[in-house]
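The sequence shown begins at 1 in my numbering and counts up one residue at a time.
FYI, nobody ran anything at the bench for these hints, they're computed from the structure. Think of the CB as a built atom: it goes at the ideal place given N, C-alpha and C, for glycine as much as any other residue. You can trust all of the hints, since none of them are fake.
Quick list of simulated restraints, FRET-style, between CB atoms:
id : residue 1 : residue 2 : range
1  : LYS366    : ARG15     : 38 to 48 angstroms
2  : GLU16     : LYS202    : 47 to 57 angstroms
3  : GLN402    : LEU192    : 47 to 57 angstroms
4  : PRO23     : LEU262    : 15 to 25 angstroms
Pairs of lysine-lysine residues, derived as DSS-like cross-links and limited to a Cα-Cα distance of at most 25 angstroms, are as follows:
id : residue 1 : residue 2
5  : LYS213    : LYS160
6  : LYS196    : LYS213
7  : LYS202    : LYS213
8  : LYS40     : LYS82
9  : LYS213    : LYS195
10 : LYS99     : LYS82
11 : LYS82     : LYS45
12 : LYS202    : LYS296
13 : LYS453    : LYS213
14 : LYS196    : LYS245
15 : LYS160    : LYS454
16 : LYS294    : LYS454
17 : LYS45     : LYS87
18 : LYS296    : LYS195
19 : LYS209    : LYS245
20 : LYS195    : LYS245
21 : LYS296    : LYS213
22 : LYS160    : LYS245
23 : LYS209    : LYS294
24 : LYS464    : LYS453
25 : LYS82     : LYS36
26 : LYS213    : LYS247
27 : LYS196    : LYS209
28 : LYS40     : LYS99
29 : LYS99     : LYS36
30 : LYS446    : LYS213
31 : LYS265    : LYS374
32 : LYS99     : LYS45
33 : LYS213    : LYS238
34 : LYS446    : LYS109
35 : LYS251    : LYS238
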Amino acid sequence: MAAALSFGSVPAFYREVYQIVCPNQEERIDRDMFVKILVKSSLPKQSLSQIWEAVDPRQDGYVTRDGLYKALALTALAQQGKSISEKALEQFVDSDLPKPSLGDLSDLKTLSVRHRRENNPNVLGYNYDELVSLDTVDVELVPEKKGIILKHNEYHVASKRHNCTVNRRYNDFVAFHDMLLSRFPYRLVPALPPKKLMGASKEFIEARKRSLKRFLMLVVRHPVLCEDRIVNFFLTVKGSDIGQKLKDQFKSMPDEFMSSPLASKAKELVPMDTQASFQSSRLQIQAIHNSVEKLKDVADRMIARALGFSSDMLQCAKELTALSNEPHRQPYGQVLSERGATWFTRENTGAVEYLALFLDLTSSYKDLCDRHEKGVLKDHQNSLQKMQQIKKRQIAAQAKGQELAVDQLESKIVEQETDISNMENRNFYSLHCLQLETQLVHANMKILAIVLKKMVASQIAGHKEIGEVWNELEPHVGSLVPSSSPGSSPPGSPPMM
Numbered sequence: 001m002a003a004a005l006s007f008g009s010v011p012a013f014y015r016e017v018y019q020i021v022c023p024n025q026e027e028r029i030d031r032d033m034f035v036k037i038l039v040k041s042s043l044p045k046q047s048l049s050q051i052w053e054a055v056d057p058r059q060d061g062y063v064t065r066d067g068l069y070k071a072l073a074l075t076a077l078a079q080q081g082k083s084i085s086e087k088a089l090e091q092f093v094d095s096d097l098p099k100p101s102l103g104d105l106s107d108l109k110t111l112s113v114r115h116r117r118e119n120n121p122n123v124l125g126y127n128y129d130e131l132v133s134l135d136t137v138d139v140e141l142v143p144e145k146k147g148i149i150l151k152h153n154e155y156h157v158a159s160k161r162h163n164c165t166v167n168r169r170y171n172d173f174v175a176f177h178d179m180l181l182s183r184f185p186y187r188l189v190p191a192l193p194p195k196k197l198m199g200a201s202k203e204f205i206e207a208r209k210r211s212l213k214r215f216l217m218l219v220v221r222h223p224v225l226c227e228d229r230i231v232n233f234f235l236t237v238k239g240s241d242i243g244q245k246l247k248d249q250f251k252s253m254p255d256e257f258m259s260s261p262l263a264s265k266a267k268e269l270v271p272m273d274t275q276a277s278f279q280s281s282r283l284q285i286q287a288i289h290n291s292v293e294k295l296k297d298v299a300d301r302m303i304a305r306a307l308g309f310s311s312d313m314l315q316c317a318k319e320l321t322a323l324s325n326e327p328h329r330q331p332y333g334q335v336l337s338e339r340g341a342t343w344f345t346r347e348n349t350g351a352v353e354y355l356a357l358f359l360d361l362t363s364s365y366k367d368l369c370d371r372h373e374k375g376v377l378k379d380h381q382n383s384l385q386k387m388q389q390i391k392k393r394q395i396a397a398q399a400k401g402q403e404l405a406v407d408q409l410e411s412k413i414v415e416q417e418t419d420i421s422n423m424e425n426r427n428f429y430s431l432h433c434l435q436l437e438t439q440l441v442h443a444n445m446k447i448l449a450i451v452l453k454k455m456v457a458s459q460i461a462g463h464k465e466i467g468e469v470w471n472e473l474e475p476h477v478g479s480l481v482p483s484s485s486p487g488s489s490p491p492g493s494p495p496m497m
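All chains, please: the whole structure from these sequences, using the hints.
Laid out in structure tokens, this is it:
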């Protein structure tokens, strides 16, 4: 660890670099990250080693903020062809330390983020904006139905990350979903919308299209799922019968536990209080889900009112036209109906879709918790019970002097111990993944802020647009009421006596 920086004043560039590599003010930069920073200087390896020795003379394996600043100053000197020594910094006693050339700092930020994730497997390391940047997909219904006898819908699926558009049937989504669950039993895998075989209405088809889009959005914005070959195949391979091709291509692919380098040390990644923390997080996220579900009910009713207003104003326009003996120059009822329809569309594709997306996420978290408890945890408990039964039988056989049976049971105990060890590792790996998936849900909490922002903006715009039409209509309504004079009778009324 380097001594405190004693020469020169620190330029803003140094602080910018520190903020990139230590966004949480960790105060420590390890050797690996340090090398990644200085490699961008294009200095020879020997110079980098000299700089490291100068800032970490005790060989602690890390440097503090002052050590990083000193290294940046020495890097700048080395780039100028000057000697790498603390004495060379004395010339900057009354001025800013020199600024090194490190290229594009956005590249450094990417390196820093990747390094932190690799070195902290228990930390998700993504905020909402970073998750969104992973990919964006769009799902649109193909106008013409396919099939000769049984007609079916197809969807255009476009991925921004892969810069590719493919056609997919609902059955392709089903196969894709099944493969994801098989490959990632310990991750958040969102559910698919239901399939309606006959007589699907336009509303059902539109709702299913939106649901399929939400499903894909959660998959492609999952830090682990989005990198998998199954996801890449589904989003990029063109052709028909993709569901069957998926199964044929990946049927022998092991689940994540079997292929993860972290599986063997999963126990080390799980803190002692993880089980209690899991139960607490489960209850908390379920409570959040329940509240958001009620918010969506409110938003759905707001949409229904906007649609009802549009319909009512259209009916109002028709009836006023029927009552009028002269055409209106401006069909205000029609305009109000159109404004209401616009409001409905804005609400239906805005805040409500984000609420539905968040509910899909929290529902998949509930499903994940159920899989953990009913799957790997239960299997582990069953294996332990089976071991106890075998040992009881072995003790009984020993008491009866049945040596052959004892040897056979001993062999079964060895096999069962292997199974228990495997189940135990799976249980720890499942808990490790649950920690990260819980963080993923919390990283997506920003969706709720987006919902409120969109809801407020939509209400302001809707009321403003409709208010403008009512204000335009007001003077016309005033002119429809005749001025009353004493002794006059309304047209068509009996004469006054």
